[in-house]
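> Listed below are the residues making up each chain.
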Amino acid sequence: MATAAPGTVALELRDVSKTFGQVVALRSGSLTVTTGSIHALVGENGAGKSTMVKIIAGLYRADSGSYELFGEPVDFRSTAEAKDAGIAVIYQEPTLFPDLSVTENLFMGRQPRNRFGRIDRKAMDTEARALFDRLGVAIDPERPADGLSIADQQIIEIAKAISLDARVLIMDEPTAALSGVEVERLMTIARALRDEGRALVFISHRFDEVFALCDTITVMRDGAYISTDRIADVTVDDVVRRLVGREVGELYPKQPAAIGEVVLEIEGLNRAGVFHDVDLQVRRGEIVGLAGLVGAGRSEIMQAAFGVDPYDSGTVKVSGKVVPPNDPAAAIRLGMALVPEDRRKHGLVLESTITRNITMAIRGRLSRAGLLSARAENATARDWASRLEVKTSTLDTLAGTLSGGNQQKVVLAKWLSTKPDVLIVDEPTRGIDVGTKAEVHRLLSALAGEGMAVVMISSELPEVLGMADRVVVVHEGRITAELSRDEATPEAVMFAATNTQGASA
Amino acid sequence: MTSLIHPSDSETKQVARTYRDHQRPLWQRILFSRDVAVWAALVVVYLYASATVPFFDRPITITYLLLDVAPILLIALPMTLVIITGEIDLSVASTVALASVSFGVLYDKGTPILVAALAALLVGVVCGAFNGFLVTTVGLPSLAVTIGTLALYRGIAVGLLGTTAVTDFPDTWTDWARGRIGESDIPSIMIPFAVLAILFIVLLHFTAFGRGVYAIGLNEGAARFSGIRVERTKLLLFVLTGVVSALAGIYYTLRYGSARGDNANGMELQVIAAVLLGGVSIFGGRGALPGVIAGVLLIGAIGSALRLADQTADVINIVTGLLLVVSVVGSSVLGWVSSKRRRRGGPGAQSSATSPGTSAPGVPQSDTDTPVGEREREDR
Numbered sequence: 005m006a007t008a009a010p011g012t013v014a015l016e017l018r019d020v021s022k023t024f025g026q027v028v029a030l031r032s033g034s035l036t037v038t039t040g041s042i043h044a045l046v047g048e049n050g051a052g053k054s055t056m057v058k059i060i061a062g063l064y065r066a067d068s069g070s071y072e073l074f075g076e077p078v079d080f081r082s083t084a085e086a087k088d089a090g091i092a093v094i095y096q097e098p099t100l101f102p103d104l105s106v107t108e109n110l111f112m113g114r115q116p117r118n119r120f121g122r123i124d125r126k127a128m129d130t131e132a133r134a135l136f137d138r139l140g141v142a143i144d145p146e147r148p149a150d151g152l153s154i155a156d157q158q159i160i161e162i163a164k165a166i167s168l169d170a171r172v173l174i175m176d177e178p179t180a181a182l183s184g185v186e187v188e189r190l191m192t193i194a195r196a197l198r199d200e201g202r203a204l205v206f207i208s209h210r211f212d213e214v215f216a217l218c219d220t221i222t223v224m225r226d227g228a229y230i231s232t233d234r235i236a237d238v239t240v241d242d243v244v245r246r247l248v249g250r251e252v253g254e255l256y257p258k259q260p261a262a263i264g265e266v267v268l269e270i271e272g273l274n275r276a277g278v279f280h281d282v283d284l285q286v287r288r289g290e291i292v293g294l295a296g297l298v299g300a301g302r303s304e305i306m307q308a309a310f311g312v313d314p315y316d317s318g319t320v321k322v323s324g325k326v327v328p329p330n331d332p333a334a335a336i337r338l339g340m341a342l343v344p345e346d347r348r349k350h351g352l353v354l355e356s357t358i359t360r361n362i363t364m365a366i367r368g369r370l371s372r373a374g375l376l377s378a379r380a381e382n383a384t385a386r387d388w389a390s391r392l393e394v395k396t397s398t399l400d401t402l403a404g405t406l407s408g409g410n411q412q413k414v415v416l417a418k419w420l421s422t423k424p425d426v427l428i429v430d431e432p433t434r435g436i437d438v439g440t441k442a443e444v445h446r447l448l449s450a451l452a453g454e455g456m457a458v459v460m461i462s463s464e465l466p467e468v469l470g471m472a473d474r475v476v477v478v479h480e481g482r483i484t485a486e487l488s489r490d491e492a493t494p495e496a497v498m499f500a501a502t503n504t505q506g507a508s509a
Numbered sequence: 009m010t011s012l013i014h015p016s017d018s019e020t021k022q023v024a025r026t027y028r029d030h031q032r033p034l035w036q037r038i039l040f041s042r043d044v045a046v047w048a049a050l051v052v053v054y055l056y057a058s059a060t061v062p063f064f065d066r067p068i069t070i071t072y073l074l075l076d077v078a079p080i081l082l083i084a085l086p087m088t089l090v091i092i093t094g095e096i097d098l099s100v101a102s103t104v105a106l107a108s109v110s111f112g113v114l115y116d117k118g119t120p121i122l123v124a125a126l127a128a129l130l131v132g133v134v135c136g137a138f139n140g141f142l143v144t145t146v147g148l149p150s151l152a153v154t155i156g157t158l159a160l161y162r163g164i165a166v167g168l169l170g171t172t173a174v175t176d177f178p179d180t181w182t183d184w185a186r187g188r189i190g191e192s193d194i195p196s197i198m199i200p201f202a203v204l205a206i207l208f209i210v211l212l213h214f215t216a217f218g219r220g221v222y223a224i225g226l227n228e229g230a231a232r233f234s235g236i237r238v239e240r241t242k243l244l245l246f247v248l249t250g251v252v253s254a255l256a257g258i259y260y261t262l263r264y265g266s267a268r269g270d271n272a273n274g275m276e277l278q279v280i281a282a283v284l285l286g287g288v289s290i291f292g293g294r295g296a297l298p299g300v301i302a303g304v305l306l307i308g309a310i311g312s313a314l315r316l317a318d319q320t321a322d323v324i325n326i327v328t329g330l331l332l333v334v335s336v337v338g339s340s341v342l343g344w345v346s347s348k349r350r351r352r353g354g355p356g357a358q359s360s361a362t363s364p365g366t367s368a369p370g371v372p373q374s375d376t377d378t379p380v381g382e383r384e385r386e387d388r
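Protein chains in written order, with this note's numbering: chain A, 5 to 509; chain B, 9 to 388.
Among the hints, a few may not be true.
[Unchecked claim] Calculated lysine to any residue pairs in the SDA-like style (CA-CA distance at most 25 angstroms, straight line):
{"id": "1", "chain 1": "A", "residue 1": "Lys395", "chain 2": "B", "residue 2": "Arg28"}
{"id": "2", "chain 1": "A", "residue 1": "Lys423", "chain 2": "A", "residue 2": "Arg337"}
{"id": "3", "chain 1": "A", "residue 1": "Lys258", "chain 2": "A", "residue 2": "Thr239"}
{"id": "4", "chain 1": "A", "residue 1": "Lys321", "chain 2": "A", "residue 2": "Pro257"}
{"id": "5", "chain 1": "A", "residue 1": "Lys325", "chain 2": "B", "residue 2": "Arg232"}
{"id": "6", "chain 1": "A", "residue 1": "Lys126", "chain 2": "A", "residue 2": "Glu108"}
{"id": "7", "chain 1": "A", "residue 1": "Lys423", "chain 2": "A", "residue 2": "Asp387"}
{"id": "8", "chain 1": "A", "residue 1": "Lys423", "chain 2": "B", "residue 2": "Ser58"}
{"id": "9", "chain 1": "A", "residue 1": "Lys423", "chain 2": "B", "residue 2": "Thr145"}
{"id": "10", "chain 1": "A", "residue 1": "Lys349", "chain 2": "B", "residue 2": "Gly218"}
{"id": "11", "chain 1": "A", "residue 1": "Lys423", "chain 2": "A", "residue 2": "Gly453"}
{"id": "12", "chain 1": "A", "residue 1": "Lys321", "chain 2": "B", "residue 2": "Val238"}
{"id": "13", "chain 1": "A", "residue 1": "Lys441", "chain 2": "A", "residue 2": "Pro257"}
{"id": "14", "chain 1": "A", "residue 1": "Lys349", "chain 2": "A", "residue 2": "Lys325"}
{"id": "15", "chain 1": "A", "residue 1": "Lys395", "chain 2": "B", "residue 2": "Phe291"}
{"id": "16", "chain 1": "A", "residue 1": "Lys321", "chain 2": "B", "residue 2": "Ser340"}
{"id": "17", "chain 1": "A", "residue 1": "Lys441", "chain 2": "A", "residue 2": "Thr396"}
{"id": "18", "chain 1": "A", "residue 1": "Lys423", "chain 2": "A", "residue 2": "Thr396"}
{"id": "19", "chain 1": "A", "residue 1": "Lys349", "chain 2": "B", "residue 2": "Thr26"}
{"id": "20", "chain 1": "A", "residue 1": "Lys349", "chain 2": "B", "residue 2": "Thr241"}
{"id": "21", "chain 1": "A", "residue 1": "Lys349", "chain 2": "B", "residue 2": "Ala216"}
{"id": "22", "chain 1": "A", "residue 1": "Lys423", "chain 2": "A", "residue 2": "Arg446"}
{"id": "23", "chain 1": "A", "residue 1": "Lys441", "chain 2": "A", "residue 2": "Pro466"}
{"id": "24", "chain 1": "A", "residue 1": "Lys395", "chain 2": "B", "residue 2": "Gln31"}
{"id": "25", "chain 1": "A", "residue 1": "Lys349", "chain 2": "B", "residue 2": "Gly229"}
{"id": "26", "chain 1": "A", "residue 1": "Lys349", "chain 2": "B", "residue 2": "Thr145"}
{"id": "27", "chain 1": "A", "residue 1": "Lys258", "chain 2": "A", "residue 2": "Lys441"}
{"id": "28", "chain 1": "A", "residue 1": "Lys423", "chain 2": "A", "residue 2": "Pro260"}
{"id": "29", "chain 1": "A", "residue 1": "Lys423", "chain 2": "B", "residue 2": "Thr26"}
{"id": "30", "chain 1": "A", "residue 1": "Lys321", "chain 2": "B", "residue 2": "Val166"}
{"id": "31", "chain 1": "A", "residue 1": "Lys441", "chain 2": "B", "residue 2": "Thr26"}
{"id": "32", "chain 1": "A", "residue 1": "Lys87", "chain 2": "A", "residue 2": "Arg65"}
{"id": "33", "chain 1": "A", "residue 1": "Lys441", "chain 2": "A", "residue 2": "Glu304"}
{"id": "34", "chain 1": "A", "residue 1": "Lys423", "chain 2": "B", "residue 2": "Leu148"}
{"id": "35", "chain 1": "A", "residue 1": "Lys87", "chain 2": "A", "residue 2": "Met112"}
{"id": "36", "chain 1": "A", "residue 1": "Lys423", "chain 2": "B", "residue 2": "Gln31"}
{"id": "37", "chain 1": "A", "residue 1": "Lys349", "chain 2": "B", "residue 2": "Val146"}
{"id": "38", "chain 1": "A", "residue 1": "Lys258", "chain 2": "A", "residue 2": "Asn274"}
If you are wondering where the hints come from, they were derived from the structure by calculation, not from laboratory data. As the structure is a computational prediction, the values presented were derived from the model and not from experiment.
I would like the entire structure built from these sequences, with the hints used as guidance.
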């Protein structure tokens, strides 16, 4: 049982940093959480929240900075060590063993033994029931974990944490996939845990929940600590302003471009449970930013339009011609290009050369009488690599050995070589350094200037606001707002993305 | 503003960066490839056996060697492509038997022999299409599917003829299958093989389709996002494997003058062993046809030499098996070593990784990469 008096500092991180190669994931993170309180941790995607959580949980080790638990400096080398020290992390999507019962999941790896050394099922069952009684939830401990709602799975993770007597509980976006009632139940449980004297960290993009539940709030931006306040001392507007923060300036060299006729036309696109009634028009010379929270369905919409994902109904047209569903090859022929979000899984063949990657989408066009020559491939690859200034000395370097920014340039080169009319970029600057980021932005702006229709999906608000001529906001698979460059303020986009004002159920 | 998409002539001339096409000169890339290593092994085995094994250096040895390995050579061609996409077809020997039996039964019933042969090829198409349908449309793993059809096709073949055999084929056909090209020692079957080999080499190494085959094996997701028709490609490769297996079945029937349900029993393992020995990665994405052809001949030469040296079939199997294990383990170790060297950035850091076949699949990339991937996923 948690023993420390309420108000003692349970968890304290100061100036923690973490870099991966050239990518700085966390510059200077600080967080102080006291017992008997619920502490909100907010920040945009990529602000470094998750990296910090992973350091706390022992998944990563900090490069620098201090990390103390109840006044003692700690340096966890594994999640097991962190767990033993009383830290529990509840993730957005828990990973239970689906075929095992709820009880078996609760006691995985630490099953009580009876005096014959065999697993004591009775003791396990009794304790599981006691735990659920304490949490006030009705989950049958004997049922298999398979088929439980995400909310119930989280409750099981919480029950597991309590039975391990975790003193610090971190909930990483636990409500993202929950319904209203489930959120209420989770909040009740969180309050009960707080009243027991445990320290809780609550990560969420939903400000209504943050303000209803938490006592204190820490804002992070660009991998650094910004502020910590008592929740009563700040307003939603304050927080949003700090969240977005920086000047939208040089990083986003958006050139004005002449906007021409409609090139991409999406009408009534539907996919049950994923997105609904999506209408979108993109004109020549225009950059349309698709904003929204991670998981809002933006990538799914554009991937369906491109043909790599299915859709149930609706039409997609490029320059007036219908793009057949489920046929990326046809979409490419009609002038579409998609730079996917997951570069390593969908963008590149990491174990193949730069040349092969760049020419992958135009293999057919490079062929003469059905034959493909290495000479033609190399010429094309050299041309595009130099236009995008890919940093490498030889074209047969494996794509996987390049840095993230250079990998992204190879992907861009691959798609620009198809000479598309519509370029869809999904999180084009995720995981790449600031210098390359600005290069990519300049490139997108230049492409629009040449008359390309650009759709940019981005979870980084400054990027969307800095680059887009028009911002389309997606919330839970629906377009909830369409804002011109002038109307698109951080507040307006955030509100539409979280749908704070609307009837969000 | 420099135009990125439609540069004018003056702009294309002033290129900011220059790139070399390759890290190493052509002769090095060829000399240090897996393919050349397999050919070299073949030459060494041939010379050693010629010097030590009695009668091995006779021309007749080469003739019989090629006659024996011809079905394996044929089937290894499409099998290479299938394995490069990351799939496998274990039902090839059963397809050989089913085609052989179909050919025999139809001919026995009075069908003209040419029609019977075409029908047998059709059987191969159907066998391959069925495999391909289950793998691509239904989405089952090819290992499971073709283990099933291995039993299924063999079962049908044995069921059709029972323990009997059809043996009386026209002499013109059987003589051709056993015959040689003119006065040379090369069997006639090498003519259709050479034609097919050229076709498959062009298809795999010099066409857009072939690039797609490699891309599918290395990263199916990226292939799909690049407009490569993954399902269609795999289906076509299974059909090609089926029809070439049927062709091998017809040859097998004529060569031994016998259509039986147990023809070519266990040949699938010889085919796959030869393909892997030839430098194709069982995980897909790596390998080349010249190496595979050398791999088949190497296995054939070793078998032939051991037979002439009065060794039993068991010994031949043990040697072939060991060779396969050593070659697969060897390429994994090479890949591991080269990835270690790349990590340290030592001399020749990337040299061994760039030639296809030398580095094992799934070898981690440089240190920075994995965490970057972690970071990219962190906010999901």
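> Are the hints correct? Go through all of them and say.
Checked hints:
no.: 1; hint: A:Lys395 - B:Arg28; in the structure: holds, 12 angstroms
no.: 2; hint: A:Lys423 - A:Arg337; in the structure: holds, 10 angstroms
no.: 3; hint: A:Lys258 - A:Thr239; in the structure: violated, 32 angstroms
no.: 4; hint: A:Lys321 - A:Pro257; in the structure: violated, 30 angstroms
no.: 5; hint: A:Lys325 - B:Arg232; in the structure: holds, 22 angstroms
no.: 6; hint: A:Lys126 - A:Glu108; in the structure: holds, 12 angstroms
no.: 7; hint: A:Lys423 - A:Asp387; in the structure: holds, 13 angstroms
no.: 8; hint: A:Lys423 - B:Ser58; in the structure: violated, 59 angstroms
no.: 9; hint: A:Lys423 - B:Thr145; in the structure: violated, 32 angstroms
no.: 10; hint: A:Lys349 - B:Gly218; in the structure: holds, 21 angstroms
no.: 11; hint: A:Lys423 - A:Gly453; in the structure: holds, 14 angstroms
no.: 12; hint: A:Lys321 - B:Val238; in the structure: holds, 24 angstroms
no.: 13; hint: A:Lys441 - A:Pro257; in the structure: holds, 11 angstroms
no.: 14; hint: A:Lys349 - A:Lys325; in the structure: violated, 30 angstroms
no.: 15; hint: A:Lys395 - B:Phe291; in the structure: violated, 30 angstroms
no.: 16; hint: A:Lys321 - B:Ser340; in the structure: violated, 48 angstroms
no.: 17; hint: A:Lys441 - A:Thr396; in the structure: holds, 18 angstroms
no.: 18; hint: A:Lys423 - A:Thr396; in the structure: holds, 23 angstroms
no.: 19; hint: A:Lys349 - B:Thr26; in the structure: violated, 29 angstroms
no.: 20; hint: A:Lys349 - B:Thr241; in the structure: holds, 20 angstroms
no.: 21; hint: A:Lys349 - B:Ala216; in the structure: holds, 21 angstroms
no.: 22; hint: A:Lys423 - A:Arg446; in the structure: holds, 18 angstroms
no.: 23; hint: A:Lys441 - A:Pro466; in the structure: holds, 12 angstroms
no.: 24; hint: A:Lys395 - B:Gln31; in the structure: holds, 14 angstroms
no.: 25; hint: A:Lys349 - B:Gly229; in the structure: holds, 6 angstroms
no.: 26; hint: A:Lys349 - B:Thr145; in the structure: holds, 22 angstroms
no.: 27; hint: A:Lys258 - A:Lys441; in the structure: holds, 13 angstroms
no.: 28; hint: A:Lys423 - A:Pro260; in the structure: holds, 21 angstroms
no.: 29; hint: A:Lys423 - B:Thr26; in the structure: holds, 22 angstroms
no.: 30; hint: A:Lys321 - B:Val166; in the structure: violated, 55 angstroms
no.: 31; hint: A:Lys441 - B:Thr26; in the structure: holds, 23 angstroms
no.: 32; hint: A:Lys87 - A:Arg65; in the structure: holds, 15 angstroms
no.: 33; hint: A:Lys441 - A:Glu304; in the structure: holds, 24 angstroms
no.: 34; hint: A:Lys423 - B:Leu148; in the structure: violated, 37 angstroms
no.: 35; hint: A:Lys87 - A:Met112; in the structure: holds, 14 angstroms
no.: 36; hint: A:Lys423 - B:Gln31; in the structure: violated, 29 angstroms
no.: 37; hint: A:Lys349 - B:Val146; in the structure: holds, 23 angstroms
no.: 38; hint: A:Lys258 - A:Asn274; in the structure: violated, 32 angstroms
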